[in-house]
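Take the two lone chains and join them into the complex the hints point to.
Each chain is listed here by its residues.
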Amino acid sequence: MILLIVASISTLYFVIPAVSDAAEEPKTFLTHTGLAIQTTGDIIDPIGYTGEILEFDPESYLRDFDYGAVSELEDGTILREFTITARDDQVMEVSPGVFYNVWTFNGTVPGPTIRATEGDLVRVHFSNEGSKSHTMHFHGIHKAEMDGVFENVGPGGKFIYEFYAEPVGLHLYHCHVHPVEEHIAHGLYGAYIVDPKEGRVQADELVFILNGLDTDFDGENNFYGANTVPFYYQHHPVEISTNELIRAYVVNILEFDPVNNFHLHGTLFHHYPAGTDTVPAGFNDMLTMSQGEREILEFEYKYPGLYMFHAHNTEFSEKGWVGSFLVKDSEKNYSDET
Amino acid sequence: MTEFSNYKIAVSAIGPLILLAIVIAFLMGPATNFLEFGIVLPDIHIEQIDFVDGEIQVIVRNTGPIDVNITVADVNDRIQPAAIEPDNHLTKFETALVRIPYDWNEGQPYSIGLTTDDGTRFEKFVDAASLRLEVNTELIGFLGLIGFLIGIVPIMIGLLWFSFIQKLGSSKYRFFLAFTVGLLLFLAFDAIEEASEISQSHLSDIFNGQLLIMTVTILSFLILFSIGNSLIKKSQFSKISKPLAISLMIAVGIGFHNFGEGLAVGAAIALGQVALSTFLIIGFAIHNTTEGFAIAAPMARTKAMVLRLICLGLIAGSPAIFGTWIGGFSYSPFTTVIFLSIGAGAIFQVVVSIIQYIREESENTISSASIISGIGLGLVVMYLTSIFV
Chain A
1 MILLIVASIS
11 TLYFVIPAVS
21 DAAEEPKTFL
31 THTGLAIQTT
41 GDIIDPIGYT
51 GEILEFDPES
61 YLRDFDYGAV
71 SELEDGTILR
81 EFTITARDDQ
91 VMEVSPGVFY
101 NVWTFNGTVP
111 GPTIRATEGD
121 LVRVHFSNEG
131 SKSHTMHFHG
141 IHKAEMDGVF
151 ENVGPGGKFI
161 YEFYAEPVGL
171 HLYHCHVHPV
181 EEHIAHGLYG
191 AYIVDPKEGR
201 VQADELVFIL
211 NGLDTDFDGE
221 NNFYGANTVP
231 FYYQHHPVEI
241 STNELIRAYV
251 VNILEFDPVN
261 NFHLHGTLFH
271 HYPAGTDTVP
281 AGFNDMLTMS
291 QGEREILEFE
301 YKYPGLYMFH
311 AHNTEFSEKG
321 WVGSFLVKDS
331 EKNYSDET
Chain B
1 MTEFSNYKIA
11 VSAIGPLILL
21 AIVIAFLMGP
31 ATNFLEFGIV
41 LPDIHIEQID
51 FVDGEIQVIV
61 RNTGPIDVNI
71 TVADVNDRIQ
81 PAAIEPDNHL
91 TKFETALVRI
101 PYDWNEGQPY
111 SIGLTTDDGT
121 RFEKFVDAAS
131 LRLEVNTELI
141 GFLGLIGFLI
151 GIVPIMIGLL
161 WFSFIQKLGS
171 SKYRFFLAFT
181 VGLLLFLAFD
191 AIEEASEISQ
201 SHLSDIFNGQ
211 LLIMTVTILS
221 FLILFSIGNS
231 LIKKSQFSKI
241 SKPLAISLMI
251 AVGIGFHNFG
261 EGLAVGAAIA
271 LGQVALSTFL
281 IIGFAIHNTT
291 EGFAIAAPMA
301 RTKAMVLRLI
311 CLGLIAGSPA
321 IFGTWIGGFS
331 YSPFTTVIFL
341 SIGAGAIFQV
351 VVSIIQYIRE
361 ESENTISSAS
371 IISGIGLGLV
381 VMYLTSIFV
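Order-wise, the sequence lines are chains A and B. For the first sequence, position 215 matches number 215 in this note's numbering, and the numbering has no gaps at all. For the second sequence, position 152 matches number 152 in this note's numbering, and the numbering has no gaps at all.
Derived from the structure by calculation, the hints contain no laboratory data. All values derive from a computational prediction rather than experimental measurement. Take the hints with a grain of salt, since some may be wrong.
[Claimed, not checked] Only pairs whose alpha carbons sit at most 25 Å apart, straight line, appear in this in silico SDA-like list of lysine to any residue:
no. : chain 1 : residue 1 : chain 2 : residue 2
1   : B       : LYS167    : B       : MET382
2   : A       : LYS27     : B       : GLY113
3   : A       : LYS143    : A       : SER71
4   : B       : LYS124    : A       : ARG80
5   : B       : LYS124    : A       : THR314
6   : A       : LYS143    : A       : THR85
7   : A       : LYS132    : B       : LEU41
8   : B       : LYS92     : A       : LYS143
9   : A       : LYS27     : B       : PRO101
10  : A       : LYS27     : B       : MET382
This is chain B alone, in the form it adopts within the complex (with noise of 0.2 Å):
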């Protein structure tokens, strides 16, 4: 008896995919030809320019619908004779290495052309070409040295509020816990931003960059959403306080946008895009300090210990270090847009934690004034320090 009904949920399981597979096999095969019609047109993205020496390479994707073969490349509009590695004739979804030898001028801008077969071209910008870094001691410590300025040091100083927060009253306490809330929301709007830019000026349309985006921060939050609640539970039943749980909640989720954040920097000086000045530094190590307050904002009623805030501070800093190393040498957009929504997922999920955690602390109830004015602060706080960045 169990085993037919077993049988009969598993056939009303899987019939309307058997069903499903037998019209797509039914569209292309017999009827393929029945519903060609409309004009199929060509597309290919060039997905990646790098500057060597005497040459400059594109990885050129084909995002179309039909196979294409590259057969003309141009540097800012002049054809120029060049190398395809495997080969010219690119399937669906397929990538292929440009080599144009090239004795290009660093600094200066350039216009790479690729025409396929049908005669069109297409074409990407680089602003400011700059020689493609390679992997040295040299590079890997500076780079780091970026990471760690725009990572680490700002977030330790913020932390360093810990003890003023800690002297504060529970209304001003709650102001502060809702003025983190403003930050973070900033923070995850902020990240989803930038993942839309980077989706939209480097991601082919065929990966629905903002679909993705979607995706990714939703499941981000759910995940951490159930972690985070499991550790909250256990932390009744262990020496982990509820506050350090949300605290390290926190420090995960920035450190996941740290980690985009920091594959973005990585890449614009690899890329060559920006000039990465010191006015740069300064301005993410200002809105970045704020980070630190936000981690240390929920710990501030248990016991001060320096230990732990500098492990949570690491674990929020530390990943821009990482970042910037892959984001230098070896930049791809679509991990810098998946890290980014994660990002902004996780810090979804700690901004509703707090809400929990001083919904506790109030008795039940957000819409004090402190609340409201704490959230609109820490909003405008961070708009105004985004600004340097």
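Next comes chain A alone, as it looks inside the complex (with noise of 0.2 Å):
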């Protein structure tokens, strides 16, 4: 009799839920599938990300370009000094509620996207405020005592990284102390654009840099995004306008997955490998990309709308790496029609 009392009672202990003291009125959010869920309780959705808390703003991220502090050479060389500092202390709420260690250039994952002009002499004044070594290692044309590998700088140190911005293209720079896995996954990297000397056709320009969380450390991203912040671009939709040229500067640093692709809805694409060619790759609206690969895109919408940008990859999609254009109809297109 006893025993069936305390096994009664230790039941009931354990098979009722704790009841806490939040229970307000219901809140509605929707469904993949577009279905509206009512619940008493909290909502769990990184689709919902507000970012108001974020440090980091992937909106203003797309079209920020650092071209350093320009000044001029004795032999008319344009020379671009940029301050890079690096950190392996901070916490960045990167999906809501998810709070991971990032180790940053300048505060940020990705780092600044840093661009000069073919021929330009680039100079980096590079500082390590962080814990551990850390280096730039740039991808491009440069002396090997400037590729930063074998000069660790040391918690506290400096290092002037200096070379001549070449070849045209869309470059990277990352990190290199060992293990080179683990600096690239913490979040130390960045893309680096060298223009050619006569330049671009204007565009509008978009940087997405296409790159995984892997939180709990098991060797497997538990988060994939552009630009870091998983549904980002789902909730706000980057806005261009139709029969504009968009050139997209995608780089693939994703870690522990060997590839990585990218999807445009509603259009193709012509593509640049690395960007170092004139001649587009290819007319497209997939692309694949393994570690370290980028490419520049050049595309136009015909039509105004919502259309999708993602991982074809579908796992990579539903963690995260998926976002849209909302393409509004140009003036150019109105003054056309009356």
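What follows is the structure, encoded as structure tokens:
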């Protein structure tokens, strides 16, 4: 009898969930398939990200290019000076409620998009304010001692990287300290663009760094994204116009997964591997890239509306690497009609 | 004088407790920071996953040392928007219901994942999704029938051996009593094994499943041992004969066991873990027939009273019906582990009673060949029939 009583009481204790004090008016959220669900509790939905708490703003990152402090040398060469600081102690809210220790160049993941013109002298004043060694390894043509591989910059250390911007194209930079996978997975990377001297055709230019976050360190990404924050551009579509040339600088810096890809809805793009050639490698709506590969994409939209872009590896897209273009009718189009 | 010594006794009893309280207060108060070293990791445990119309419902408990927030829900490692009630903040031991709207497919395996605020993903697998059972008369009838088939029917059939055992000579009778001991010993270890399996796969580590099973089994043994002893003592002065008292205790012990077994079977149906095949029912029937034999054996030296036998059969078998109902409609692994352990303790108590009885029947020896071979054969028969289950 005593056993029965003890058993039933303990059963009640463990079966009935502890009652909490929250239970206000119901909230509503939408599922992937558009169903409206009501709940008296909290909504856990990475798509409904408001971005208010974020220090990093994927919206402005898209079109934010760092041209450096420009001056002219005696021989007429343009000098571009950049100041880059590495840190490894920041905790960033990478998805609503999920906090992850990011390692950063200038405080963000990805780091700033460094942009120069072919032949410019690029001088990067690098300082390491982290607790580990870090470097900056630029892709491109430069002297061995400027490669950022063997000259580890220890905590509190400084280094000046100096090289001429070549060749023309879309490159990248990242930390090259061993274990490199760890330094990249934590966020030490960014895009490096070298423009041709004669410039490129005027376009609405966007940067997409395809990356992932292994927040529980099991060697698999928990989240995928373009410019870090999962589902961000899905909820905040990138606004562009019809009949306007869009130039997307797409860099794949994903760790743990050997390939990533980019699929565009509603139109096709010309793509230029590493942006080094003027002849497009193809006209497609699918682009597959391995680790460290990057491509320049050029496209236009004929019709206005909401168009998705995402990894066609749907595992990645359903874990955050998905976004939308909100294509608006361009004024030019209106004037043509009237 | 007496007051003084009582006071002294009270102080000597409570004193250490007060000191312990002071130490705890010191550790939790001024010394908190002093003892903070090492890395504290959050831990959550997905206790239950239910599939309802267009939704997957998950009950999660915070089993770690610190508060956590649940931030992401996923199905098969694909992130899904979801709701969490009452809220996403879980204090230690607190549970919450996560509702994931999802168009799931019947019979398909799923992995359900939840991610905490530090980005750690916890997951649990479901072998085959099936609609959570809703209470209705049809289902009550169905589960009741299952309970009837695995509990009452085989035990009643087993009881029919009564007249056979009655006709045996005393040495053969001892053999069959010993055979019963073998059956019951197997049943007890079977229950403990099943309880550990359930605690390992469904209970969070925080409950210390193995120790819980041991504690409940021994408690159950001790309590039923004292009840059984007084019942047998009383039988000397009342109409209840000693064999009947032993049979009653066996029936009660087996009843607890069958209740636990019923919970597990009901839960298996509800959770869609098994297709409860005819084969499984046959297995249970064969296995549980031996339970009827165990009840009948000690009584074989008394007059056959059909009503009494039926009553004992019902005591032992009917809990299986209640078990399948409760297990089917509101499964709790914790309850199942508790009842399986109670059953194990109860059966150990019965084993002790029968051995005492055999000893009296056979002039204080339990090492005769018939008894040893009986126990051995009982274990072997149970093992062989358990293969069907």
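Status of each hint after checking the structure:
1. B/LYS167 x B/MET382: Cα-Cα ~24 Å, so holds.
2. A/LYS27 x B/GLY113: Since the Cα atoms of A/LYS27 and B/GLY113 sit roughly 23 Å apart, the hinted pair holds (cutoff 25 Å).
3. A/LYS143 x A/SER71: Holds, at about 22 Å.
4. B/LYS124 x A/ARG80: 54 Å, violated
5. B/LYS124 x A/THR314: 22 Å, holds
6. A/LYS143 x A/THR85: Since the Cα atoms of A/LYS143 and A/THR85 sit roughly 22 Å apart, the hinted pair holds (cutoff 25 Å).
7. A/LYS132 x B/LEU41: Cα-Cα ~23 Å, so holds.
8. B/LYS92 x A/LYS143: Judged against 25 Å, a Cα distance of about 57 Å means the pair is violated.
9. A/LYS27 x B/PRO101: Judged against 25 Å, a Cα distance of about 15 Å means the pair holds.
10. A/LYS27 x B/MET382: 56 Å, violated
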